[in-house]
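Below, each chain spelled out in residue letters.
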Amino acid sequence: MTTPILEIKNLHVKVEEEDKKILKGVDLTLPAGEVHAIMGRNGSGKSTLSYVLAGKEGYEVTEGEILFMGKDLLEMEADERAAAGLFLAFQYPIEIPGVATMTFLKAALNAQRKTRGEEELKVPEFMKLVKDAANQLEIKQDMLKRPLNVGFSGGEKKRAEILQMALMQPSLCVLDETDSGLDIDALKIVSDGVNHLRDANRSMLVITHYQRLLNYIVPDRVHVFSDGRVVESGDRELALELEKKGYAEFDGTAA
Amino acid sequence: MEQQVVKLTDAENQLADLLKAAGANDASNALSAHGLPHRRIEEYHYTDLRTLLRDVPSDLAQANDRLPDVQFEGYGRIVIVNGKLVHADEIGGVEIKSADAAAKSVGNDQIINLMDGLAQNQIEITINTSLDKPIHIAHVHDGPDSVVADKVRVTTAEGVHATIVETFEGANARGLRFANFALDVAADAEMLHVQLDQNAEGARQFVQNTYDLHENANLRTLASHANFKLGRTDIKADFKGEGAHADFAGLTLLMDQQHGDFTLNVNHGVPNTTSTETFKSIVRDRAKAIFQGKIIVAPDAQKTDAQMMSQGLLLSERAEVLVKPELEIFADDVLCAHGATCGELDEDALFYLMSRGIKRAEAESMLIRAFLAELFDEMENEQVRDKLGDRVDAWLAAAE
Ligand SMILES: Nc1ncnc2c1ncn2[C@@H]1O[C@H](COP(=O)(O)OP(=O)(O)OP(=O)(O)O)[C@@H](O)[C@H]1O
Ligand SMILES: [Mg+2]
Numbered sequence: 016m017t018t019p020i021l022e023i024k025n026l027h028v029k030v031e032e033e034d035k036k037i038l039k040g041v042d043l044t045l046p047a048g049e050v051h052a053i054m055g056r057n058g059s060g061k062s063t064l065s066y067v068l069a070g071k072e073g074y075e076v077t078e079g080e081i082l083f084m085g086k087d088l089l090e091m092e093a094d095e096r097a098a099a100g101l102f103l104a105f106q107y108p109i110e111i112p113g114v115a116t117m118t119f120l121k122a123a124l125n126a127q128r129k130t131r132g133e134e135e136l137k138v139p140e141f142m143k144l145v146k147d148a149a150n151q152l153e154i155k156q157d158m159l160k161r162p163l164n165v166g167f168s169g170g171e172k173k174r175a176e177i178l179q180m181a182l183m184q185p186s187l188c189v190l191d192e193t194d195s196g197l198d199i200d201a202l203k204i205v206s207d208g209v210n211h212l213r214d215a216n217r218s219m220l221v222i223t224h225y226q227r228l229l230n231y232i233v234p235d236r237v238h239v240f241s242d243g244r245v246v247e248s249g250d251r252e253l254a255l256e257l258e259k260k261g262y263a264e265f266d267g268t269a270a
Numbered sequence: 007m008e009q010q011v012v013k014l015t016d017a018e019n020q021l022a023d024l025l026k027a028a029g030a031n032d033a034s035n036a037l038s039a040h041g042l043p044h045r046r047i048e049e050y051h052y053t054d055l056r057t058l059l060r061d062v063p064s065d066l067a068q069a070n071d072r073l074p075d076v077q078f079e080g081y082g083r084i085v086i087v088n089g090k091l092v093h094a095d096e097i098g099g100v101e102i103k104s105a106d107a108a109a110k111s112v113g114n115d116q117i118i119n120l121m122d123g124l125a126q127n128q129i130e131i132t133i134n135t136s137l138d139k140p141i142h143i144a145h146v147h148d149g150p151d152s153v154v155a156d157k158v159r160v161t162t163a164e165g166v167h168a169t170i171v172e173t174f175e176g177a178n179a180r181g182l183r184f185a186n187f188a189l190d191v192a193a194d195a196e197m198l199h200v201q202l203d204q205n206a207e208g209a210r211q212f213v214q215n216t217y218d219l220h221e222n223a224n225l226r227t228l229a230s231h232a233n234f235k236l237g238r239t240d241i242k243a244d245f246k247g248e249g250a251h252a253d254f255a256g257l258t259l260l261m262d263q264q265h266g267d268f269t270l271n272v273n274h275g276v277p278n279t280t281s282t283e284t285f286k287s288i289v290r291d292r293a294k295a296i297f298q299g300k301i302i303v304a305p306d307a308q309k310t311d312a313q314m315m316s317q318g319l320l321l322s323e324r325a326e327v328l329v330k331p332e333l334e335i336f337a338d339d340v341l342c343a344h345g346a347t348c349g350e351l352d353e354d355a356l357f358y359l360m361s362r363g364i365k366r367a368e369a370e371s372m373l374i375r376a377f378l379a380e381l382f383d384e385m386e387n388e389q390v391r392d393k394l395g396d397r398v399d400a401w402l403a404a405a406e
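Protein chains in written order, with the numbering used here: chain A, 16 to 270; chain R, 7 to 406.
Only chain R is shown next, with the shape it has when bound in the complex (with noise of 0.2 Å):
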């Protein structure tokens, strides 16, 4: 029996009942010995979830069919809708199944376990032929006052070539969601994973992506924070195979009190492989933007090669970037960097463009926009491109 060593909040009471009620009875029991991570927990020195999450539903969410907002032109779709599957559309070589959610194992991270322990069901999708439309996956939260948990797995056939883009919506700053999702490329196979963060209320959300990597799979993905009150996207990459190739990137806009958090953690098991990862936050107000980043190189991964970049603009004095870089490197023959950088708009850049014209609101945008452009020349999506740059659009207008 485990033991309690801290006095649970309410909201920690609240979400061990909740697992008790999902079944996930171990989940719970550890959740009431250790409580939500705080910040003497080193992955959540920066997100001390003791403090930011002191009130919580009482509730899951009902099942419920209301369909996404969120559309894309021409797209495979499978809607969730408060974790379960409601809507897939026939998708040549892809099968689409919702099981029970697998066993539920407990482990360290206790968002992790909530994450398991409340999904009650599993999306599982396998995509055995290279898909000239993209899959588009979306994650409706219905109902305020609610945790929602989702689920998905995603396998590949060797060899092919897919896109998966998630789109969060309808979540908000009362309730609570957790989502989890697991990719396993195979060997040659070539995936692209986008998440847009499309909630129209600051919401609270916690994500966990989960990456398997094998023998001359090649990854992009990319992942956006653009209007949590409280978020954290958790990534684990495995490389499994050599001559595996993966790029990370995330984008984070945060203003008023938001807080949102990039965890990442690479782990490059095997010889021969390679990554880069490059995140970029925008913050204005008081808003904190966190990114952990750690690469992992084990003993033998001789020739491995990962360059992180993390870049952040602050756009107002009481904005917060946080960068963690970690590099822990076993093997003696790698090339490993990291660099970060965080700074405000270049005032010498502003006065430029203005001298020829531009009022000083349009100058910052194009700054802002070219500080960001990095991460939309790599996008060769179109319409998850214009998505962004709406969103980046929208992220500007709230600002003036």
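For reference, chain A alone in the conformation it holds in the complex (with noise of 0.2 Å):
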């Protein structure tokens, strides 16, 4: 069998020099290829999952490993773990003023090309991806020109992680909550996106409320998150199982 893209073993995470734990044991193998959907409560530890992947500061892995491609993952720095291939796309986008769009996607790609010991792209070539990609993505050419996420829409700035995501080419992909704040057309835009994606050497990790993104991007398997653990998992009939329920059915306590 092949490595799996990502393997997460037991993995207790606390606040950094606070008592609170936030992640309670997960365990989750993320095989190459497949997509897998991450569905819980508010407040139940998803985005902290995602943020601990991505090499966020401000957390502590008190037990428990994360293999990314058979590598210890927690052993990266938050840009090491980008070049090597994982991405967040982040439930809340960050605005960064003074930074132009086009500025900081030809500053990420080149520095992960250098890190990997790639040669940058050329300006030409560099202009072309980008201008391919954002119209895949229905994204304005004028938005790029903007500085980064600055007063972009709710809707743009997901759209702007996807492309990003599109531009990086990652092994990994952690989506969480891409699809808040898209409006249906857009819904649809960016899971063509993703699917457009979907690739024997990828794999998907997409963390959502809602089962409707699911119709757009099918997922091999869907686990149910609660409390700072996975607490079931399945295929996708789960996902409308949990719809229908509500979450009592599988944590056990009351919304």
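25 Å max Cα-Cα, derived DSS-like pairs, lysine-lysine:
#1 160(A) - 143(A)
#2 155(A) - 121(A)
#3 121(A) - 365(R)
#4 129(A) - 365(R)
#5 160(A) - 365(R)
#6 365(R) - 71(A)
#7 146(A) - 121(A)
#8 137(A) - 365(R)
#9 365(R) - 86(A)
#10 330(R) - 300(R)
Some chain R residues judged to face chain A by a derived CB distance under 8 Å, without partners named:
#11 354
#12 357
#13 363
#14 364
#15 365
#16 368
#17 372
#18 376
#19 379
Restraint ranges, calculated between C-beta atoms of paired labels, are given here:
#20 90(A) - 322(R): 24 to 32 Å
#21 150(R) - 92(A): 40 to 48 Å
#22 196(A) - 349(R): 24 to 32 Å
#23 233(A) - 389(R): 51 to 59 Å
#24 322(R) - 31(A): 16 to 24 Å
#25 386(R) - 168(A): 28 to 36 Å
#26 36(A) - 389(R): 52 to 60 Å
#27 349(R) - 35(A): 18 to 26 Å
#28 35(A) - 151(R): 58 to 66 Å
Read the hints as simulated data drawn from the structure, not as lab findings.
None of the values given here were measured: they were computed from a predicted structure.
C-beta atoms are modelled at their ideal positions from N, C-alpha and C, and glycine is treated no differently.
Reconstruct the complex from the two isolated chains, following the hints.
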């Protein structure tokens, strides 16, 4: 069997310098080429899991490990993880005034290439890549001239995340509520963009509250997340069941 | 006869002697009577020169004709070395001459008295027509253990457009430089005045810029403190004609134990004048940046609009940005505001950039540049922007 893209084993995470435990024994294996969905209550730790995967500071792993294509992910800096092929589409993308979106995209792509020992992209090559990807996501060129995410509408921010993902061609895509804030048409466009990236060598972890997204991005497996752990896993039918019955059926606590 | 109220430090005695030797007896006596400005003098509260300026050179810098290192392509160049005009390009429409420094008046500010008292020459520049080439005034301080005092007076004809870029180089941490600059912006004239600190070593430098603005005059200024060991730029602006507008900007980049002080006094003395003040400071290690900005609106100066903003970025725990904005408004129909922010680099923004593969150091410099972007965007002069950019790069590189 080939190495899974991602293996999370008994992961316990707390907030640094505080007593607050958030993740309490997450186990999850994501084989190459598969799309897994995570659904769970507000505050159950889904975004925290995505941050820990991406390497955000301020969290302490007290137990367990994460293997990314067989390597110890927790040993790597956030930028090294990105260069190695991990991408997080943020639930709340950060606005960065003073940094033009194009400048940022170029810096990011070239930084990853440099870390991997590849040559920098030539300007025309870069421009074409961005233009094609933006067209596919129906992102207007003038949005790319603006400072990164500044004044972008909620939906525009999510599209910009997927644009970055398309440009970076990661091996692992973690999508944290990419569907929230998208109108019906945008949901379709973004889902098409995501589906376009589905590949035998690429895996996705899709965090969502809505089974509707999973009609577009059809998952291989669905995990129910509760109080910092995966409490149930199943095929895509599980999402429908969850929507019908509510979380209490699965985690035994009333809403 | 003034009464001596303080026990003078060696530095104060030495400066008083220098003033006497320069023929500025009144200034010398005033300094002996009051000493250097200290923390109990409001304007110097954060820049206590009795403690910060303990050792000073004993001599004025000797005449010298070393040429400046800093160059601008295609500018008309005026070179002042150790207080003396040593070179002036032929610039059409501009008269340049060196005169004996004018009468040395004595006021309450001992630093200004020193500036005036020690300057031997006054470089007078008259701009009679609009210029398509900027003027570069290069201030060179040659000879490390000396005191230098440069004095420049610029007057303009009505309606002219011109740019003056001043650079300071050659000063170091043992020497002491004073520079006094005055610009009279005539009616309908449009001026850009930039001062770049290009000193290679941390300098000790005191600058005063005085601006008079006449009817419908337009002025943009930018001054930088990029490598001061100890420095202060004192900006005084007087709105004397209606319809005038000015934008004042300052950039401070300090490290180690450097200390830089921008003190600004903008006097809206007549109705219908507007100004903006934008001062940005980035400090690390144990450096200290000070911004004191005072806007005065005279009783009949209705329709004044003054917007002051100061922003500080702290890159180390022990670095400090001290801000004192003051509005003294005596008219009722005015729009005046000041805002001050001070903080560290945004960790969430850093993480976002790093999560896209950008290394921490590069992410930090992207955010630092972003913090300064506004100052750069407003600066249309490309060579000035490049020089500033190089300075920021060098400063960032020095941290790594
Ligand atoms: N740095 C932190 N300090 C303190 N508490 C934190 C921190 N980060 C997360 N938490 C808390 O941990 C819990 C999990 O948060 P998280 O954002 O991971 O939830 P989520 O499952 O993504 O929720 P949602 O569905 O609302 O997005 C919440 O109670 C949150 O307040
Ligand atoms: Mg979340």
